[in-house]
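Peer 1: Those protein sequence lines, which keep their order, are chains A and B.
Under our numbering, think of the first position of the first sequence as 896, with each following residue one higher.
Under our numbering, think of the first position of the second sequence as 4, with each following residue one higher.
For the record, the hints were derived by calculation from the structure and aren't laboratory data.
Possibly wrong hints are sitting among the right ones.
[Stated by the list, open to error] Derived, one-sided and incomplete: chain A residues facing chain B with beta-carbon distance under 8 Å:
| no. | residue |
| --- | --- |
| 1 | 990 |
| 2 | 1122 |
| 3 | 1133 |
| 4 | 1140 |
[Claimed, not checked] Mimicking BS3-like on lysine-lysine, the simulated pairs with C-alpha atoms at most 25 Å apart in a straight line are:
| no. | chain 1 | residue 1 | chain 2 | residue 2 |
| --- | --- | --- | --- | --- |
| 5 | B | 326 | A | 1152 |
| 6 | A | 1152 | B | 195 |
| 7 | B | 326 | A | 1145 |
| 8 | A | 1047 | B | 324 |
| 9 | B | 188 | A | 945 |
| 10 | B | 188 | A | 1047 |
| 11 | A | 1145 | B | 286 |
| 12 | B | 132 | A | 919 |
[To be verified] One-sided and incomplete, this derived list gives chain B residues near chain A with beta-carbon spacing under 8 Å:
| no. | residue |
| --- | --- |
| 13 | 118 |
| 14 | 146 |
| 15 | 147 |
| 16 | 189 |
| 17 | 192 |
| 18 | 258 |
| 19 | 266 |
| 20 | 318 |
| 21 | 322 |
| 22 | 325 |
Backbone N, C-alpha and C fix where the C-beta goes; we use that ideal spot for every residue, glycine too.
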Amino acid sequence: MNSVVCISQVPDTESRIKIAADGKHIDEAGLKFIVSPYDEFALEEAIRLKEGKGGDVTVVTFGPDRSAQALRECLARGATKAMHIKGDSVDADSLGVARVLAAAIRTLPHDIVFFGKQGVGTDNGLVGPMVAELLDVPQVNVVTHLEVGDGKLTAHREIEGAEEIVECSLPAVITAQKGLNEPRYASLKGIMAAKKIPIDTRSVADLGLTDSDVFHQRVTFVGLETPAEKSGGRKIDGADPSAAAQEIIKYIREEAKAL
Amino acid sequence: MPGILVFCETKDGKLKKVSREALSIGRKLAEKTGGDLAAVVVGSQAASLAADAGHYGAKKLYAVESAALDSYTTGQTTAAVKQAVDDFKPSVLLMGGTSNGRDLAPRLAARLGVGVASDVDQLDWTDGKLRARRSIYSGKVFGRVEISGTPAIATTRPNAFSAEVVAGGGAADVVKVSFTPVEVKSKLLETKTPEAGELTIAEADIIVSGGRGLKEAQNFSYIRDLAHAIGGAVGASRATVDAGWIDHQHQVGQTGRVVSPNVYIAAGISGAIQHLAGMSSSKHIIAINKDPEAPIFRVADLGVVGDLFTILPALTEEVKKAKAH
Ligand SMILES: Cc1cc2nc3c(=O)[nH]c(=O)nc-3n(C[C@H](O)[C@H](O)[C@H](O)COP(=O)(O)OP(=O)(O)OC[C@H]3O[C@@H](n4cnc5c(N)ncnc54)[C@H](O)[C@@H]3O)c2cc1C
Ligand SMILES: Nc1ncnc2c1ncn2[C@@H]1O[C@H](COP(=O)(O)O)[C@@H](O)[C@H]1O
Chain A
896 MNSVVCISQV PDTESRIKIA ADGKHIDEAG LKFIVSPYDE FALEEAIRLK EGKGGDVTVV
956 TFGPDRSAQA LRECLARGAT KAMHIKGDSV DADSLGVARV LAAAIRTLPH DIVFFGKQGV
1016 GTDNGLVGPM VAELLDVPQV NVVTHLEVGD GKLTAHREIE GAEEIVECSL PAVITAQKGL
1076 NEPRYASLKG IMAAKKIPID TRSVADLGLT DSDVFHQRVT FVGLETPAEK SGGRKIDGAD
1136 PSAAAQEIIK YIREEAKAL
Chain B
4 MPGILVFCET KDGKLKKVSR EALSIGRKLA EKTGGDLAAV VVGSQAASLA ADAGHYGAKK
64 LYAVESAALD SYTTGQTTAA VKQAVDDFKP SVLLMGGTSN GRDLAPRLAA RLGVGVASDV
124 DQLDWTDGKL RARRSIYSGK VFGRVEISGT PAIATTRPNA FSAEVVAGGG AADVVKVSFT
184 PVEVKSKLLE TKTPEAGELT IAEADIIVSG GRGLKEAQNF SYIRDLAHAI GGAVGASRAT
244 VDAGWIDHQH QVGQTGRVVS PNVYIAAGIS GAIQHLAGMS SSKHIIAINK DPEAPIFRVA
304 DLGVVGDLFT ILPALTEEVK KAKAH
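Just chain A, same shape as in the assembly:
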């Protein structure tokens, strides 16, 4: 059972985000980068599969030099191989990223390709299903439980107010939701062992893709803006519960026009 896990490196969720001088990117200076939180569930599931059924877990990322660090963290947790496609992924749109990843995955043994349900920060939730289409394999998105059998898998998928149980053939794409598992931390032994694993570093051209396949943007940021800071509204004292309740009702009726 071989898995590929696509991971993206994103600014730490606690970061203060500043808009860069061009008004179209965020300013990366001083930002701490982490493995996108949903990708951690994806990685953990692949490692557990490997522990149960053997095989490789290859982590793949498309990104600038700094992304190699994210691959190292995944190796330390138990991934067995890593591929880094170097490039300015921020200047590619989701389909561009998906083309790069699909080309990389074609060169790797894969029964299941794991993604996060969305990259935290940009929150697109696009790359996984796009890769599934490019590879012509089935997908199950927003997965909270997974069982892998012979040549097929069964996955629980979260939908509005309910859960679907979907079966599909392998190879397949899974996008991971919180709840799928509890990701482990890297052990000291893992960190040491990871240092010995070489990262297979490639360029977009090495994968047979041209810049226009990848960097022709169908979705472009024309501008970023900071939302108007909410000043905080009216504050009232709730010491008298029924008076407070009446204030709330009045607000809901008059301002929100509800009730």
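For this one, chain A is given, so just place chain B with the ligands on it according to the hints.
Peer 2: Only chain B with the ligands this time, still in chain A's reference frame:
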């Protein structure tokens, strides 16, 4: 003619609210492009939605009628909507940002070689291009994006656009789409509905959310009682979900759902940045917290400093009284 096509989903034989919202913003875009607004509905009863779609401005309804489309599978629905796109050749394709919409949009976009903007809360047509606004980095930044390619695809954030009935909007003209089911590699085995009858936070107009201030699982009854009385959905902070007090389906925030209801009531929730990421775009925010310094008050339109265990029951009583009138 640069037409607008909206993939509409149904529930209990009617269009989902988010699909009506997408039709309504689609109609405004169509006024600018000068093209037609059309809906596409799949499933054996597709044509029966003609009047419903017409009310929200659709001139045509592309009906892909096949029993193979009665429950959603990625492969079948992608093929069906692709057929409608090939027939109508829209400039813009919209769909609600539901679980299925967000499953379908990227798959179809990759098939068509076009771009998608996810979960948008504003849409406009300028200089022959679709423009959208998206909230990114936990709501710390708004990104304005331009989507090129034909069709340009966007999924709409539930509740971000209002659903508006068009005066005198007659039924849409039904256009049958010829469709042969494709072979798909996945199948739906079962749908589990844990809390039948409960409203889901994804599309609710009013959400009452509880946090660690509730102290223990059984006290979620304070939240449920109010939600029930007011006709809203039950939300929760991650701390309560992690503690096992309530199911993850209810979690609001960065690793839960992003919601933007008309009214969001947060009780016993501190207002951590990851929670705010999921609810700060709500239209009217009411916070109940005993700590006057709680960060939730910075985004609240109405903040009540006090004990939720006394205020929530009083509020539930007042709501019942108000509803009785
Ligand atoms: C990567 C990541 C992702 C995350 N994603 C999410 C997410 O999606 N959603 C989310 O919610 N959190 C998320 N979190 C967690 C978040 O950081 C907070 O820990 C969490 O939101 C806190 O929940 P809370 O407000 O219920 O609890 P607390 O922060 O403990 O707040 C409890 C509040 O209750 C008040 N209170 C206590 N008793 C009473 C009373 N009797 N009456 C009135 N008020 C009272 C207290 O004053 C306090 O403000 C995430 C964290 C990380 C690191
Ligand atoms: N540059 C990238 N390199 C590798 N994987 C990525 C990259 N961007 C996105 N992904 C994967 O795709 C998922 C969804 O990302 P997104 O569509 O950007 O929300 C992420 O959780 C990752 O698993």
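Peer 1: Look at each hint and say if it fits the structure.
Peer 2: Do the hints match the structure? See the list:
1. 990: Hint on residue 990 of chain A: holds, closest Cβ of chain B at ~6 Å, below 8 Å.
2. 1122: holds, 6 Å
3. 1133: Since chain B brings a Cβ to about 2 Å from residue 1133 of chain A, closer than 8 Å, the hint holds.
4. 1140: holds, 4 Å
5. B/326 <-> A/1152: Given that 25 Å is the threshold and the Cα spacing comes to 13 Å, the pair holds.
6. A/1152 <-> B/195: It is violated: about 35 Å lies between the C-alpha atoms, which goes past 25 Å.
7. B/326 <-> A/1145: holds, 13 Å
8. A/1047 <-> B/324: violated, 55 Å
9. B/188 <-> A/945: Holds - the C-alpha atoms of residue 945 of chain A and residue 188 of chain B are around 24 Å apart, at most 25 Å.
10. B/188 <-> A/1047: Roughly 10 Å separates the two Cα atoms, so the pair holds.
11. A/1145 <-> B/286: Distance of about 16 Å is within 25 Å: holds.
12. B/132 <-> A/919: Given pair residue 132 of chain B, residue 919 of chain A holds - Cα atoms ~18 Å apart, limit 25 Å.
13. 118: Given a least distance of 3 Å, the restraint on residue 118 of chain B holds.
14. 146: Given a least distance of 5 Å, the restraint on residue 146 of chain B holds.
15. 147: holds, 5 Å
16. 189: holds, 3 Å
17. 192: holds, 5 Å
18. 258: Holds, about 5 Å.
19. 266: Result: holds, 5 Å to nearest chain A Cβ.
20. 318: Constraint on residue 318 of chain B satisfied, holds at 4 Å.
21. 322: This interface hint holds because 7 Å falls under the 8 Å limit.
22. 325: holds, 5 Å
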